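> As a plain string of letters, each chain reads:
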Amino acid sequence: MGKVIVVTSGKGGVGKTTSTAALGAALAQNGERVVVVDFDVGLRNLDLVMGAERRVVYDLVNVIQGEAKLTQALIRDKRLESLFLLPASQTRDKDNLTTEGVDRVITELKRVFDWVICDSPAGIERGATLAMRHADMAVVVTNPEVSSVRDSDRIIGLLDSKTLKAERGERMEKHLMLTRYDSARADRGDMLKVDDVLEILSIPLVGIIPESSDVLRASNMGAPVTLADARCAPAMAYFEAARRLRGEQLPITIPGDKRGIFGKIFGRKAA
Amino acid sequence: MTKVLTDARSIRIKGRSFLALVLSPDLPLDDWLVRLDDLASRSAGFFLDRPVVLDVTGLAIDKVQLKELFEQLAERNVRIMGIEGARPSMLGPGMPPAMKGGKPAADIEVKEREAACEEPESVDTAPVELPQVRAITQSLVINEPVRSGQSIIFPEGDVTIVGSVASGAEVIAGGSIHVYGALRGRAMAGTTGNSASRIFCRKLEAELVAIDGIYKMIEDMSPALVGQPVQLWLDGDSIMASTII
Chain A
1 MGKVIVVTSG
11 KGGVGKTTST
21 AALGAALAQN
31 GERVVVVDFD
41 VGLRNLDLVM
51 GAERRVVYDL
61 VNVIQGEAKL
71 TQALIRDKRL
81 ESLFLLPASQ
91 TRDKDNLTTE
101 GVDRVITELK
111 RVFDWVICDS
121 PAGIERGATL
131 AMRHADMAVV
141 VTNPEVSSVR
151 DSDRIIGLLD
161 SKTLKAERGE
171 RMEKHLMLTR
181 YDSARADRGD
191 MLKVDDVLEI
201 LSIPLVGIIP
211 ESSDVLRASN
221 MGAPVTLADA
231 RCAPAMAYFE
241 AARRLRGEQL
251 PITIPGDKRG
261 IFGKIFGRKA
271 A
Chain B
1 MTKVLTDARS
11 IRIKGRSFLA
21 LVLSPDLPLD
31 DWLVRLDDLA
41 SRSAGFFLDR
51 PVVLDVTGLA
61 IDKVQLKELF
71 EQLAERNVRI
81 MGIEGARPSM
91 LGPGMPPAMK
101 GGKPAADIEV
111 KEREAACEEP
121 ESVDTAPVEL
131 PQVRAITQSL
141 VINEPVRSGQ
151 SIIFPEGDVT
161 IVGSVASGAE
171 VIAGGSIHVY
181 GALRGRAMAG
191 TTGNSASRIF
201 CRKLEAELVA
211 IDGIYKMIED
221 MSPALVGQPV
231 QLWLDGDSIM
241 ASTII
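First to last, the sequence lines map onto chains A and B. Each step along the first sequence adds one to the number in full-length UniProt numbering, with nothing skipped, and position 82 is 82. Each step along the second sequence adds one to the number in full-length UniProt numbering, with nothing skipped, and position 210 is 210.
Simulated from the structure, these hints should not be mistaken for laboratory data. In this text, all values refer to a predicted model and were calculated from it rather than measured experimentally. Incorrect hints may have been included.
The list that follows gives simulated cross-link-like pairs (lysine to aspartate or glutamate, EDC-like), each with its CA atoms no further than 20 Å apart [to be verified]:
#1 A/Lys-165 / B/Glu-144
#2 B/Lys-203 / A/Asp-196
#3 A/Lys-165 / A/Asp-114
#4 A/Lys-193 / B/Glu-205
#5 A/Lys-3 / A/Asp-182
#6 B/Lys-67 / B/Asp-55
#7 B/Lys-67 / B/Asp-31
#8 A/Lys-193 / A/Asp-182
#9 A/Lys-165 / A/Glu-240
#10 B/Lys-67 / B/Glu-84
#11 A/Lys-110 / A/Asp-187
#12 B/Lys-67 / B/Asp-37
#13 A/Lys-162 / A/Glu-240
#14 A/Lys-162 / B/Glu-170
#15 B/Lys-67 / B/Asp-30
#16 B/Lys-203 / A/Glu-199
#17 A/Lys-162 / B/Glu-144
#18 A/Lys-69 / A/Asp-103
#19 A/Lys-110 / A/Glu-100
#20 B/Lys-203 / A/Asp-103
#21 B/Lys-203 / B/Asp-237
Quick list of the computed label-pair ranges, beta carbon to beta carbon [claimed, not checked]:
#22 A/Gly-189 / B/Leu-208: 49 to 59 Å
#23 A/Arg-217 / B/Ser-242: 48 to 58 Å
#24 B/Ile-61 / A/Gly-169: 33 to 43 Å
#25 B/Pro-88 / A/Ile-252: 41 to 51 Å
Reference excerpt, derived from the structure (chain A facing chain B, CB under 8 Å, subset only) [as the list claims (entries may be wrong)]:
#26 Lys-78
#27 Ser-82
#28 Asp-153
#29 Arg-154
#30 Ile-156
#31 Gly-157
#32 Ile-200
Cβ coordinates follow ideal geometry from the N, Cα and C atoms, glycine included.
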């Protein structure tokens, strides 16, 4: 049985879709079978970031409504043969997502794939609660700023109450993914520091993704950043996060700190 | 260090509980109304000046039927202050508000003016007894952080939280509130009129604190207390605060 991960945040625009694609590609590069599922019915984006927007024929809503088979809706990635996408519908209403339908689809996917990664829509409405409902673990994507942190806190509360795991009295495994982190700005006090966010959210960190133009460039190219340029700083951070999700114990590095001694000396002299 | 944080003109917001009569109609409503009339004829003025809550839990009626029921009750001088167990679709403007969270109390018996009726009456009723004020002895312990959007409501006594209370979360306790972490949301202690209640926290960053209805925003507090371990208590109508080690 595969593991179901929900990538969620509450707030929009913090990097859920980017992180879903990057983690999916990172996990699939090891040969594990991965499917990324877009739950953002009506505002789908994962197909763009995965570069599969012209290959969508059937979608999640078609499968739930019984208009297509799951195998017809799954799109195999052109670069990684163990990576698949289940797109959301752009034209249908999100009310077409039913609890039973989602339950059926996820159960089927779990049988075939090692990882089922659900890209949650922003907000706390139906789409978001259905995306998290069947998850075994959650990746909470947060930017280092107060509104994102508070929304993440709200989502963590929902993960602990509105999911199948919570209803069965089990604990949902939750991981914090801090995205768009810029240590220089955090040092200047323009951004929350890692410790501040951890102190407020009190869930373990799975990765810190540095703010980088590589991420946007990859998205515009239609490739997960971990496929576009595996050597760039955000890709490396996503690879490490994927290893932690597999259960490896790795020390967390704060990107930017490695830039090291020179930066610090110059920084001080300039000040 | 002790600081007076409130001026004398604070606004009091209090919780108070009243004992209300609860009527639970059953179908068909006409029969039920006949029985109600029967009860009223035996105990004149029973419903006068009494708050009545209509419990429609599990009752298969729609909005129109509910409105008719209100009219029928109004004709009998029964004033409905709230509705329990109604679906949102059954309610609308001009109707009493929905009520929830009611606690059961003893059945009320109707004092009969006439000689006792032989048949047992299906409506349980009688002299409204004031609920006894119970000593607060209970406590609730929460072992995880209270997240934004969550509220912990415990009118029965003290609340202890081993963790933080997030911005946008609230804790409402009949007794004292203890937070072994940062208090960033709202804390309302002594809401059932217990002015001896206190609020304790490891780190005060609260959006709002209140004790027995007297409230205070963090902006009105001394900056020296913010971020510190603090206890808050009530002295007359003023919230007092001091750091604790």
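> Any of the earlier hints contradicted here, and which numbers?
5, 9, 11, 13, 20, 21, 22, 26 and 27
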